[in-house]
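Colleague: Sequence:
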Amino acid sequence: MRRTPLYDQHVAAGARIVDFGGWEMPVVYGSQIEEHHAVRRDAGMFDVSHMCTVDLRGAGVRALLSHLLANDVGRLTTPGKALYSCMLRPDAGVIDDLIVYFLDERWFRLVVNAGTADKDLAWIRERAAVLGVAVVPRRDLAMIAVQGPQARAKAAALLPEACRLPAAALGNFFGLPCDEWFVARTGYTGEDGYEITLPAEEAPALWNALLAAGVKPCGLGARDTLRLEAGMNLYGNDMDETVSPFESGLAWTVVLEGTRDFIGKAALEAQRAAGPTRKLVGLLLLERGVLRSHQRVVTDAAGEGEVTSGTFSPTLERSIGFARVPAATGGSVNVDIRGRLLPARVVKPPFARNGSIKIEL
Numbered sequence: 001m002r003r004t005p006l007y008d009q010h011v012a013a014g015a016r017i018v019d020f021g022g023w024e025m026p027v028v029y030g031s032q033i034e035e036h037h038a039v040r041r042d043a044g045m046f047d048v049s050h051m052c053t054v055d056l057r058g059a060g061v062r063a064l065l066s067h068l069l070a071n072d073v074g075r076l077t078t079p080g081k082a083l084y085s086c087m088l089r090p091d092a093g094v095i096d097d098l099i100v101y102f103l104d105e106r107w108f109r110l111v112v113n114a115g116t117a118d119k120d121l122a123w124i125r126e127r128a129a130v131l132g133v134a135v136v137p138r139r140d141l142a143m144i145a146v147q148g149p150q151a152r153a154k155a156a157a158l159l160p161e162a163c164r165l166p167a168a169a170l171g172n173f174f175g176l177p178c179d180e181w182f183v184a185r186t187g188y189t190g191e192d193g194y195e196i197t198l199p200a201e202e203a204p205a206l207w208n209a210l211l212a213a214g215v216k217p218c219g220l221g222a223r224d225t226l227r228l229e230a231g232m233n234l235y236g237n238d239m240d241e242t243v244s245p246f247e248s249g250l251a252w253t254v255v256l257e258g259t260r261d262f263i264g265k266a267a268l269e270a271q272r273a274a275g276p277t278r279k280l281v282g283l284l285l286l287e288r289g290v291l292r293s294h295q296r297v298v299t300d301a302a303g304e305g306e307v308t309s310g311t312f313s314p315t316l317e318r319s320i321g322f323a324r325v326p327a328a329t330g331g332s333v334n335v336d337i338r339g340r341l342l343p344a345r346v347v348k349p350p351f352a353r354n355g356s357i358k359i360e361l
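In terms of my numbering, the numbers along the sequence shown are unbroken and rise by one, the last being 361.
The hints are simulated quantities; they were obtained by calculation from the structure and are not laboratory data. Misleading hints may appear alongside valid ones.
As the list claims (entries may be wrong) - Below 25 Å or equal to it, Euclidean Cα-Cα: the simulated DMTMM-like pairs (lysine to aspartate or glutamate) are:
#, residue 1, residue 2
1, 265, 8
2, 265, 240
3, 119, 224
4, 279, 91
5, 265, 72
6, 358, 224
7, 348, 240
Taking the hints into account, I'd like the entire structure generated from these sequences.
Modeller: So this is what it looks like as structure tokens:
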């Protein structure tokens, strides 16, 4: 079991610690619903140091990522700009979803999922070697996500002085290298904020300063309800190596046009030509109950599907979820919850972002 540099802070705060992909992580500090609302309404912070930051350096790094990623790093021309993408197998199964930052022509930075980091690094290194690209996992760093409508304002004064004004001017989905820190205007909650990467030994001081500034500590439980409300996929639930981006609501992250070849492109072109057989949709449960992963979804004449993620939404005060269903599925389905078929409406995510509900209830 691994621990982040903030483990002692979580224990001191009375967090309930769970095994999350081999890491001892806080799932909740007190009330998960209060933590969720803090992010939607004010500011909350998450220890995301288990995520793996990877620096790729060398003259061949753009060519490497052009071949590895389904999204097109050719779109990254302004230093600091970030891109969300999937990394695929030749059959178009999703190895991982990640964020890539362009810092200069010899330096790109990835942030990959904790549970897939080892296989990601092996996959990347095998292909980087022939291009002379150095692959450097930065386990010397910690990462704190500060999220919510007041998050940037509360975090700004706590950044190193040289970072403050540049960080205040950061556009959405941009990152800023600043001294030994890296401040990115990204997140996994559907709210504004920063993801702050910094030397591991400096993380406890920043965490305590944010706490003193009124930023509420939040655990993995609130992170999951927030990301689901925001319409964001979770690797291992909503996509994995058995499904493609087209079957996972991630077609918008794929660039097939042009001559660029990437791993999985031929399989995706074949899927597009054949037409989809399954799709990922949002569900709003219409009766009392809670959607959970692996529940059976029954559709009219189109066959059956399965809930991939489900939860009670504190913002909507209803149960919501994602489901992978036959492509012909219409606007309503039934979900098997403990032997009862309960009606649900098919909706287009997000369910809630930027502090407000985005679907009709």
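Colleague: Now tell me, hint by hint, if it's right for this structure.
Modeller: Here is how each hint holds up against the structure:
Proposed proximity of residue 265 and residue 8 is contradicted: the alpha carbons are some 45 Å apart, above 25 Å. Restraint check for residue 265 and residue 240: satisfied, since their Cα atoms lie roughly 17 Å apart, inside the 25 Å limit. Between residue 119 and residue 224, the direct Cα distance comes to roughly 23 Å. Compliance with the 25 Å bound is thereby established for this hinted pair. Between residue 279 and residue 91 the alpha-carbon distance is near 17 Å, which keeps this suggested pair within the 25 Å criterion.
For a cut-off of 25 Å, the pair hint linking residue 265 to residue 72 stands: about 12 Å separates their Cα positions. Of the pairs offered as hints, the one joining residue 358 and residue 224 holds, with about 18 Å between alpha carbons and a cut-off of 25 Å not exceeded. Restraint check for residue 348 and residue 240: satisfied, since their Cα atoms lie roughly 21 Å apart, inside the 25 Å limit.
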